[in-house]
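**Q** In case you want the letters, here they are:
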Amino acid sequence: MSELRPRLDAMRPSKPGSTRTADPRPPDQFPGKGNYFGYIAFGLGSSVMLLVSMNLLRSIWALMEGEAAFRALMDSFGHPLYVLFHTIAFAWLVWVALRFFSLFPKTQPFRMGPFQRPADGVLVGGLYAIFAGATVVVSAILAGAIF
Amino acid sequence: MANQQTKTIVVTRFDPDVDEVPKTQEYEIPVEADWKVLDALNYIKDHVDPTLSHRWSCRMAVCGSCGMNVNGVPKLTCKQALSDYGDRVEVQPLANFPVVRDLVVEVDGFMEKFKKVKPWIIEAKEAAVTEGTNRQSHAELMDFKQFSMCINCMLCYSACPVVSNEPDFLGPAAIALGHRYNQDTRDHGSAERNEIFRDDGGVFSCSYANECAEVCPKSVDPSGGIQQAKLNNVLDWAQGFVVRRGEN
Amino acid sequence: MRTLMLKLEPIIWGLFGGGMFVGSLLLPAWLLVVGILAPAGLISSSAVSYDHVYALASHPIGRLAFLAAIALPLWAGAHQLRHIFLDFGGLHRDGLVGGIVYGLALVGSLLGIVAVVSL
Amino acid sequence: MVDVVRHDVVIVGGGGAGLRAAIAVVEADPTASVALVSKVYPMRSHTVSAEGGAAAVARADDSLEMHGYDTVKGSDFLGDQDVIQYFVEEAPKELSQLERWGCPFSRNEDGTVSTRAFGGMTTKRTWYATDKIGFHMLHALFQTSMKYDNIVRLDEHFVTKLLVEDGQCGGVAALDVRTGEMKAILGRSVILCTGGGGKVWPFTTNGNIKTGDGMALAYREGVPLKDMEFVQYHPTGLPGTGILITEATRGEGGYLINSEGERFLTTRDYGVGTKAELGPRDMISRAIMLEVRAGRGIKVPGKVGEYAHLDLRHLGEEIIDSRLPFVRELSRTYANVDPVHEPIPIRPVLHYMMGGVDVDIDGKANLDGLYAAGETACVSLNGANRLGSNSLTECLVFGARAGQHAIAQSKDTSEIAESKLVAQADAEGGRIADLRGKKAGSETISGVRETLNDIMEEGTGVYRDQTRMAKAVTDLAALRARYDAISLSDTSKVFNTEILAMMELRNLLDVAETVATGAVNRKESRGAHACEDFPDRDDENYLHHSLVYREESGTRFDTKPVTLGKWEPVLRSY
Ligand SMILES: Cc1cc2nc3c(=O)[nH]c(=O)nc-3n(C[C@H](O)[C@H](O)[C@H](O)COP(=O)(O)OP(=O)(O)OC[C@H]3O[C@@H](n4cnc5c(N)ncnc54)[C@H](O)[C@@H]3O)c2cc1C
Ligand code: SF4
Ligand code: F3S
Ligand code: FES
Numbered sequence: 001m002s003e004l005r006p007r008l009d010a011m012r013p014s015k016p017g018s019t020r021t022a023d024p025r026p027p028d029q030f031p032g033k034g035n036y037f038g039y040i041a042f043g044l045g046s047s048v049m050l051l052v053s054m055n056l057l058r059s060i061w062a063l064m065e066g067e068a069a070f071r072a073l074m075d076s077f078g079h080p081l082y083v084l085f086h087t088i089a090f091a092w093l094v095w096v097a098l099r100f101f102s103l104f105p106k107t108q109p110f111r112m113g114p115f116q117r118p119a120d121g122v123l124v125g126g127l128y129a130i131f132a133g134a135t136v137v138v139s140a141i142l143a144g145a146i147f
Numbered sequence: 001m002a003n004q005q006t007k008t009i010v011v012t013r014f015d016p017d018v019d020e021v022p023k024t025q026e027y028e029i030p031v032e033a034d035w036k037v038l039d040a041l042n043y044i045k046d047h048v049d050p051t052l053s054h055r056w057s058c059r060m061a062v063c064g065s066c067g068m069n070v071n072g073v074p075k076l077t078c079k080q081a082l083s084d085y086g087d088r089v090e091v092q093p094l095a096n097f098p099v100v101r102d103l104v105v106e107v108d109g110f111m112e113k114f115k116k117v118k119p120w121i122i123e124a125k126e127a128a129v130t131e132g133t134n135r136q137s138h139a140e141l142m143d144f145k146q147f148s149m150c151i152n153c154m155l156c157y158s159a160c161p162v163v164s165n166e167p168d169f170l171g172p173a174a175i176a177l178g179h180r181y182n183q184d185t186r187d188h189g190s191a192e193r194n195e196i197f198r199d200d201g202g203v204f205s206c207s208y209a210n211e212c213a214e215v216c217p218k219s220v221d222p223s224g225g226i227q228q229a230k231l232n233n234v235l236d237w238a239q240g241f242v243v244r245r246g247e248n
Numbered sequence: 001m002r003t004l005m006l007k008l009e010p011i012i013w014g015l016f017g018g019g020m021f022v023g024s025l026l027l028p029a030w031l032l033v034v035g036i037l038a039p040a041g042l043i044s045s046s047a048v049s050y051d052h053v054y055a056l057a058s059h060p061i062g063r064l065a066f067l068a069a070i071a072l073p074l075w076a077g078a079h080q081l082r083h084i085f086l087d088f089g090g091l092h093r094d095g096l097v098g099g100i101v102y103g104l105a106l107v108g109s110l111l112g113i114v115a116v117v118s119l
Numbered sequence: 001m002v003d004v005v006r007h008d009v010v011i012v013g014g015g016g017a018g019l020r021a022a023i024a025v026v027e028a029d030p031t032a033s034v035a036l037v038s039k040v041y042p043m044r045s046h047t048v049s050a051e052g053g054a055a056a057v058a059r060a061d062d063s064l065e066m067h068g069y070d071t072v073k074g075s076d077f078l079g080d081q082d083v084i085q086y087f088v089e090e091a092p093k094e095l096s097q098l099e100r101w102g103c104p105f106s107r108n109e110d111g112t113v114s115t116r117a118f119g120g121m122t123t124k125r126t127w128y129a130t131d132k133i134g135f136h137m138l139h140a141l142f143q144t145s146m147k148y149d150n151i152v153r154l155d156e157h158f159v160t161k162l163l164v165e166d167g168q169c170g171g172v173a174a175l176d177v178r179t180g181e182m183k184a185i186l187g188r189s190v191i192l193c194t195g196g197g198g199k200v201w202p203f204t205t206n207g208n209i210k211t212g213d214g215m216a217l218a219y220r221e222g223v224p225l226k227d228m229e230f231v232q233y234h235p236t237g238l239p240g241t242g243i244l245i246t247e248a249t250r251g252e253g254g255y256l257i258n259s260e261g262e263r264f265l266t267t268r269d270y271g272v273g274t275k276a277e278l279g280p281r282d283m284i285s286r287a288i289m290l291e292v293r294a295g296r297g298i299k300v301p302g303k304v305g306e307y308a309h310l311d312l313r314h315l316g317e318e319i320i321d322s323r324l325p326f327v328r329e330l331s332r333t334y335a336n337v338d339p340v341h342e343p344i345p346i347r348p349v350l351h352y353m354m355g356g357v358d359v360d361i362d363g364k365a366n367l368d369g370l371y372a373a374g375e376t377a378c379v380s381l382n383g384a385n386r387l388g389s390n391s392l393t394e395c396l397v398f399g400a401r402a403g404q405h406a407i408a409q410s411k412d413t414s415e416i417a418e419s420k421l422v423a424q425a426d427a428e429g430g431r432i433a434d435l436r437g438k439k440a441g442s443e444t445i446s447g448v449r450e451t452l453n454d455i456m457e458e459g460t461g462v463y464r465d466q467t468r469m470a471k472a473v474t475d476l477a478a479l480r481a482r483y484d485a486i487s488l489s490d491t492s493k494v495f496n497t498e499i500l501a502m503m504e505l506r507n508l509l510d511v512a513e514t515v516a517t518g519a520v521n522r523k524e525s526r527g528a529h530a531c532e533d534f535p536d537r538d539d540e541n542y543l544h545h546s547l548v549y550r551e552e553s554g555t556r557f558d559t560k561p562v563t564l565g566k567w568e569p570v571l572r573s574y
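Protein chains in written order, with the numbering used here: chain A, 1 to 147; chain B, 1 to 248; chain C, 1 to 119; chain D, 1 to 574.
It cannot be assumed that every hint is accurate.
Selected chain D positions facing chain A (Cβ under 10 Å, derived; list incomplete) [to be verified]: (1) D176; (2) R178; (3) T179; (4) K493; (5) F495.
SDA-like mimics (lysine to any residue), calculated; alpha carbons at most 20 Å apart, straight line [said to hold, decoys possible]: (6) K147/D x D108/B; (7) K145/B x R107/D; (8) K147/D x I196/B; (9) K7/B x I29/B; (10) K33/A x G72/B.
To give an idea of the chain B side of the interface with chain A (calculated C-beta under 7 Å), a few residues [to be verified]: (11) N69; (12) G72; (13) E112; (14) P167; (15) E211; (16) E214; (17) Q228.
No lab work stands behind these hints: they were computed from the structure. Note that the Cβ used here is the ideal one computed from N, Cα and C, for glycine as well.
So that you can see chain A by itself, here it is in the shape it has in the complex (with noise of 0.2 Å):
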């Protein structure tokens, strides 16, 4: 956070206009307060999305390394800051899924073919919906339960 302060010449039009001009200033609540502080968070949130992405690929090169690899790695998630930083990860993603389906249903246009967009409500509960699903089914299948 070492340069709050924005680049000076935000919204400057290209000639300088006819009389001297303040400075402007950052948008007044940014970072840290308001619907920034969620934006922020969100933004963060992709990059423990990354995290977990590279630890993943970890755990299937040691699945290609072999047993003993995989084992070790496991093992290793056993540790409690590992189990903490996973936990933490899981609460936060979770909310920036629900916070990134909450914001999918505008980025989408009005029709879609000859069909109309469905009501924001239905778009986000659909995603809710398979969110949980495909959670519990990928869970279940991890875990054995199913496969």
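Use these hints to put chains B, C and D with the ligands onto chain A, whose structure you have.
**A** Same frame as chain A, but now just chains B, C and D with the ligands:
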């Protein structure tokens, strides 16, 4: 009056002839229950300090002149009730804009961005007026109507973190406006506009902070429009691989 | 670098969008099972055993799912990180930051491909 | 020395009329250069606030003849019939053009433009875009104007004087609000499109910028103002703020009711016949005033006074949200009332000035090189009472025509000595510089403005009488002395809004003077001019336009015949 109340209005003052940087000035004034923030400013101008400069005209939330940051949040001052705030209300010029004087900000930078998106109907062929009107279904109208509701109040520019940091960013209102024309069945200029949209400072500079939609007083939802424009650009770009642009 | 990034924006943004979807739909389950339930001993230890996971990951659908869950969120994360840097005034080093984060995502994606192919 | 800029045509005002004129000029001559001078950014112009719609024949069950007669009758036979004929013919073309420029009109099932009913119109001929036609029209025009690089905008430039030499207008002197410097903006012709002057009155639908500047500018150069006594009171403004609740509410089926819950326009005889709520504005405004006088007004404590109710509840939420969303937003925000569940409090408020700079059908004023269009002009389309939704179309039709004629004429005018014009602008610059922070007496701008508002409310309200009108004339003369005693405090050059308010106040005083003068000289009741001591129309003595001139010695009143045509004046009843 029995229930006469007073509030302290803290206003940013800046006179380029005198002041190096903006300062604040406080006015304690009597207020009435149904006042908007603008009424307080006009009271100050008329009865306390005629040197205060601010823009306003329609006082009915449609001309877009009176945008300011009130307690840190961009608001149309003629629409924002004063009673929503406590005893101290801070009124500042819009953030992210150079300040010309007091509460008046520099608009020309915005006008340049606005013009960049070619906000007019680009027709495939010019038709004579004698051919009458185009036909357009209600559903086709609804594809862009929302994005045509922008009053150019620039609140969204004051709220957007990308505007502060990327001077070339077209910004929420301008992109939503370009998208409005792209979505209009009467227009045939989307290829031209998409090229501008894909350029530096175009749609992909937006990081979907969504603050523009939060502050928009007219429910234009520029952020939704920008994401839709991104989607269109991805499709348009993908199509460009298959058929090199030219026909259409 | 920045010019190249501008050219590629549509693909990157597409990958980012996909990453958000895959990341929200698949990663929480992975975290839940492998990161929380298994270490806590709440599910049978055979579940995250080498054999079981290997069986899942080597199934054609499994290979695809794992690749998606590795590669796409990397792009989503990289893209958002770059934007956070921009939000805090990093325009002048956008090319550098972009190069690093997208480079990371690219390397990760390639390794992911290697991994799922050679399983 | 002042900055000098030169263009072929100088247009003052970036509202509907000004923008249309600008486009007309560059379309007629793609090499022409136009200066579009406006005291606010064009999209802030008050055209933006128009809600209901714009009239032009569109339906099979309608005809130009019917639109023509409705307008003539609405004008109480004071409209010039040649003008009206031209207007109704051009109206559909102009609105079609607007549609082609992208205005998002509301649509019928089959994709054609939808029309709605409006007061005084026999059939549905008002084209609309929900309830924000002015906003969409202004933005469509403004955005279209950006296409032309030879329309050069001078935004936030306040015109303070017309530059006239040898009986010819050759430009304007304008204060650059940003720098506080004067500019001489020269052109072979000047078109005034500065809108109306509703701010003369205390309760008005007009915004802060509507101060009658163009009328005053022309008047001060000896150009007569015509039919100024006719000012329209809109029946349905919000009490207190004056914010407009559009006539489209009644076009869509809303009712007006009094304190007894009675739909008085149907139960009592106010001359509107079966039209009821869709009668012309002058009659309905009078009906509301009479209801209040008869003790059937709705009272609230405090400054707002008595009012009537506009009831939309029976329309239901769906119609209100799809056709009148802005009305709902305005009522909620500014009257704390949700029209879906409660009636809206309304009262007649000043809305529109039928009068203005006297121009002929080409928009040409009685001074070479000077044109006017839109609300600031009086081409005699509206006569004694304008029909709602005719004025936006008027801005288009006569804005375009003024633009075409101004550029055509500018080719064959003789060269005026430029140095003399610049010298005038220079002098004007000096005058303004002296005004900055000037200390004179103990008066304030707001004090004088409030007195002016009170005088005009009292003397030129919905109902008038000779004594009160005469008093307004003398009071206004006295108020000039107070104007001269105003002290100013803002000494800055940059964005000095106090100076602007001061100059606008002068314009308001000039306009008010012509309104009051026109009014005392019309001893009859016609259209919006309702004289209680002369309750009838008097075609024998007053079937003429009024002209008010400014001369050295003061105001001079004169008259001018009305152009009649196929429609002979008959008693106006519905
Ligand atoms: C609330 C409301 C609702 C209405 N609804 C309808 C409707 O539904 N249908 C209809 O037909 N009509 C309606 N009208 C009337 C119609 O909107 C106006 O008559 C019309 O918009 C006037 O347009 P104009 O271009 O003449 O002036 P305006 O739009 O008022 O523009 C005036 C321009 O002149 C500029 N200007 C003024 N003075 C100066 C100066 N000194 N120097 C430089 N520039 C100057 C201003 O900046 C502005 O750009 C309504 C009016 C109001 C107030
Ligand atoms: S999009 Fe909304 S906030 Fe932005 S300028 Fe338009 S109306 Fe204002
Ligand atoms: S706030 Fe800015 S980053 Fe995008 S979503 Fe809105 S433009
Ligand atoms: S004064 Fe017009 S939007 Fe506020």
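**Q** Taking the hints in turn, state whether each one holds.
**A** Outcome of the hint check:
| no. | hint | verdict |
| --- | --- | --- |
| 1 | D176 | holds, 7 Å |
| 2 | R178 | holds, 5 Å |
| 3 | T179 | holds, 5 Å |
| 4 | K493 | holds, 8 Å |
| 5 | F495 | holds, 8 Å |
| 6 | K147/D x D108/B | holds, 17 Å |
| 7 | K145/B x R107/D | holds, 12 Å |
| 8 | K147/D x I196/B | holds, 16 Å |
| 9 | K7/B x I29/B | holds, 6 Å |
| 10 | K33/A x G72/B | holds, 10 Å |
| 11 | N69 | holds, 6 Å |
| 12 | G72 | holds, 4 Å |
| 13 | E112 | holds, 6 Å |
| 14 | P167 | holds, 5 Å |
| 15 | E211 | holds, 6 Å |
| 16 | E214 | holds, 5 Å |
| 17 | Q228 | holds, 6 Å |
Comparing the model with each numbered hint stated earlier shows that all of them hold.
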